[in-house]
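Novice: Residue-level listing of the chains:
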Amino acid sequence: MGLFILRRLGVMILTALCLTFVVFWLTNLYPNLEKLAKTQGNFRMSDEAVESYLGKNGYLQPMPVKFGQWLGVLPGWTVESEGVTTGKCFGADTPEDERRSFCGVLQGDWGFSTVFKDEVGTIVSTRLGLTGKLMFFVMLVMVPMALIVGVLAGMREGSKLDRSLSTFSIASTATPEYVSGVIFIAVFASSAFGLKWFKGSATSAMESVSFENFTLPVVTIALYGMGYIARMTRASMTEVMTAQYIRTARLKGVKFSDIVLKHALRNALIAPFTVIMLQFPWLLNGVVIVETLFNYKGFGWLLVQAASNNDIELLLAVSVVSVIVVLVTQLISDIGYVYLNPRIRIA
Amino acid sequence: MEELSWGGILARIFIQLGPVWISLIVLFTVSMTYKRRLGLYGKLFDSTIGMIGFALVMFWVFVGVFGGPLDMLVTHDPLSQVSGMKNKIPGTPMRGAEEGEYAWFLLGGDNLARDVFSRLIKGAWVVVQIAPIATLFAFMVGITLGLPAGYYGGRLDTVLSFLANLILAFPVILLFYLLVTPEIVLTGIPNYMALFLFVFPLVFVCILLNSRYYTQPKVRTPLLIGVLGGLGWLYLSLVSTDGSVVATPTYSIPGIPAFLDLFDIDPGILVVFVSVVFVNSPTVFRIVRGLALDIKTRDYVAAAQTRGEGPWYIMLWEILPNARGPLIVDFCLRIGYTTILLGTLGFFGLGLESESPDWGSTINAGRRLLALYPHAAIAPALALLTLVLGLNLLADGLREESLRD
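Protein chains in written order, with full-length UniProt numbering: chain A, 1 to 347; chain B, 1 to 405.
Incorrect hints may appear among the rest.
[Claimed, not checked] Capping the alpha-carbon separation at 16 Å, the derived lysine to aspartate or glutamate pairs in EDC-like fashion look like this:
#1 A:Lys38 x A:Glu48
#2 A:Lys38 x B:Glu183
#3 A:Lys133 x A:Glu207
#4 A:Lys35 x A:Glu48
#5 A:Lys38 x A:Glu51
#6 A:Lys35 x B:Glu183
Keep in mind that the hints were calculated from the coordinates and are not lab data.
Model the full assembly from the supplied sequences, consistent with the hints where possible.
Specialist: So, in structure tokens, the structure goes:
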């Protein structure tokens with residue numbers, strides 16, 4: 001088991017390195033840098049001005065060198081022009097002896113956002129906190145609902161209840177967030193239907209969460225993820241319900257509710273656990289859409305801002321975080337699966 | 001001319017969609033009559049869920065085909081703006097309608113005073129055109145790489161699986177943002193990806209035919225030359241625009257000259273297409289690899305190996321046909337997922353031009369005025385919902401029927 005986790009961790013780090021390099025490469029392509037220079041300077045910059053801006057800020061070095069500097073395994077660049085030395089790790093006014101030579105992710109230095117004019121580390125952590133709040137409520141709504149729907153549908157396969165709940169789960173997987181969100185806002189928050197129960201924007205939820213401003217975004221994300229988990233739960237529940245020991249219990253005359261709750265449920269919940277963990281990457285997508293739609297300035301909103309403005313260091317930090325979230329949940333789901341299911345042993 | 005009531009709107013939409021209903025009825029009567037002779041497709045008509053799903057899917061297919069290339073169902077031009085129709089509610093009579101013009105905006109006007117109903121129908125064509133073809137390409141890539149990965153295993157499998165997991169670990173939206181921006185299009189990266197991804201159908205068909213007929217060179221050689229020539233021409237027309245395959249400001253790689261070019265793909269659509277195929281193929285790869293791992297232990301595979309068949313024959317003519325059930329089901333689901341992805345791209349305003357009538361872009365344009373005029377965003381949202389729901393129900397029906405025997 002220890003070796004298995006170690007090997008998985010190794011592959012994980014390799015994957016994360018490859019992916020960040022891809023992001024790094026794509027964001028550092030010349031047209032992107034040119035756009036960056038023009039948004040930082042002015043839009044009517046000449047080609048020479050762009051060149052000199054990029055050179056002064058260390059963008060024109062070879063790609064692997066830049067990547068090494070960002071990682072913190074190569075010393076940061078320094079440029080001397082007109083007697084003033086500036087570098088990646090210090091400004092012109094930093095005293096000589098306080099100038100560091102290495103400053104990268106490994107040193108805990110995530111860089112500086114060109115759009116928000118702030119340290120990337122602090123921006124990402126505040127935004128992650130806000131999204132964490134959203135995700136907490138999503139999980140709170142989604143997981144119990146999905147499990148209840150799945151278990152109810154799966155306990156009597158082919159019954160009316162099963163048919164209707166299954167159709168409901170199919171419908172919920174077929175409704176992407178931007179569709180359900182739009183419909184919810186139109187029905188519950190617009191003047192056209194006159195219901196106005198909730199708010200169509202979650203901006204105020206960043207300060208204080210209330211039933212009125214947070215219901216719609218939470219339900220929108222939860223609904224799309226729910227259907228899939230419910231279907232998996234249903235499948236594993238129907239499988240368990242046909243097992244021999246359930247039949248024995250029924251023939252013994254155990255009450256049906258006791259069979260479902262005491263005998264079947266525990267075994268039926270192994271598969272959904274993995275699925276819930278693997279849902280995280282999809283939830284991340286949902287978060288981006290919902291935060292854009294409801295104007296909730298969390299991590300997903302940050303991703304859109306960073307990507308559409310080509311804010312290189314912020315975008316890199318965002319992708320590192322999201323890739324790590326995906327990989328860690330995959331690892332947890334693998335370990336949890338082995339742990340929950342004693343029939344699987346990994347040497 | 002007065003405003004239409006909801007009943008009037010629905011009745012007029014029903015009449016306007018006349019050709020679609022006729023085709024649906026014809027299709028269903030013919031299929032129901034001959035369902036015993038139609039294999040899996042015929043069995044679909046034994047399951048209610050499958051039939052509902054199929055009806056929903058075919059409804060949008062017919063709407064797309066009649067509305068798009070045949071230009072039938074639309075009431076107004078989807079791009080022209082009519083003064084005085086901005087944000088008008090459904091059923092508003094068109095101001096200053098002339099003789100021969102349709103007198104109402106059936107589903108109202110959007111924020112640029114265009115007819116929502118006509119845009120909805122033109123948008124269906126964008127989806128019906130791109131989603132199945134993109135899914136098909138993703139399947140070609142996934143099958144061509146997944147079969148050997150599962151069959152041979154070993155180092156090839158490790159490398160390919162690592163690459164697939166690499167793409168899968170990327171958040172889809174981030175990938176779209178990185179690939180589908182004008183700056184990246186300038187560097188020609190999408191064109192290189194198109195060159196790479198679109199070659200897979202060619203490779204697939206080539207191996208498929210060669211492995212079957214290589215014992216009969218007299219059949220094989222002309223067949224391969226004919227098929228490869230045709231497909232190669234299509235491939236070159238697909239990837240080259242204005243006589244070059246990759247055109248960046250600094251250099252260009254020449255393709256086939258313009259007079260041989262059969263069709264030109266709009267660069268925006270090409271980028272969208274490529275990124276959707278790119279995102280979908282690793283999942284297909286994983287499914288095919290899993291199926292190949294399972295099926296290669298069967299007796300008929302061992303029999304074929306003993307007979308001395310080549311590995312590609314076994315993969316494509318023994319394993320693949322036996323994996324068709326799950327693959328067909330997944331194909332339906334994946335078209336739905338691709339539709340969702342296309343909508344996501346439109347929703348973030350990536351790829352297609354902002355005036356394009358596709359559903360995602362329309363939802364994006366309409367969501368800013370959602371609190372006041374929801375109709376412009378709701379119509380495409382419901383359209384997308386019903387199409388994806390139809391595909392999911394169809395997949396469910398197919399799965400049920402294919403498990404039955």
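Novice: Each of the hints needs a verdict: does it hold here or not?
Specialist: Cross-check of the supplied hints:
no.	hint	result
1	A:Lys38 x A:Glu48	12 Å, holds
2	A:Lys38 x B:Glu183	13 Å, holds
3	A:Lys133 x A:Glu207	11 Å, holds
4	A:Lys35 x A:Glu48	14 Å, holds
5	A:Lys38 x A:Glu51	11 Å, holds
6	A:Lys35 x B:Glu183	8 Å, holds
In this structure, none of the earlier numbered hints is contradicted; all agree with it.
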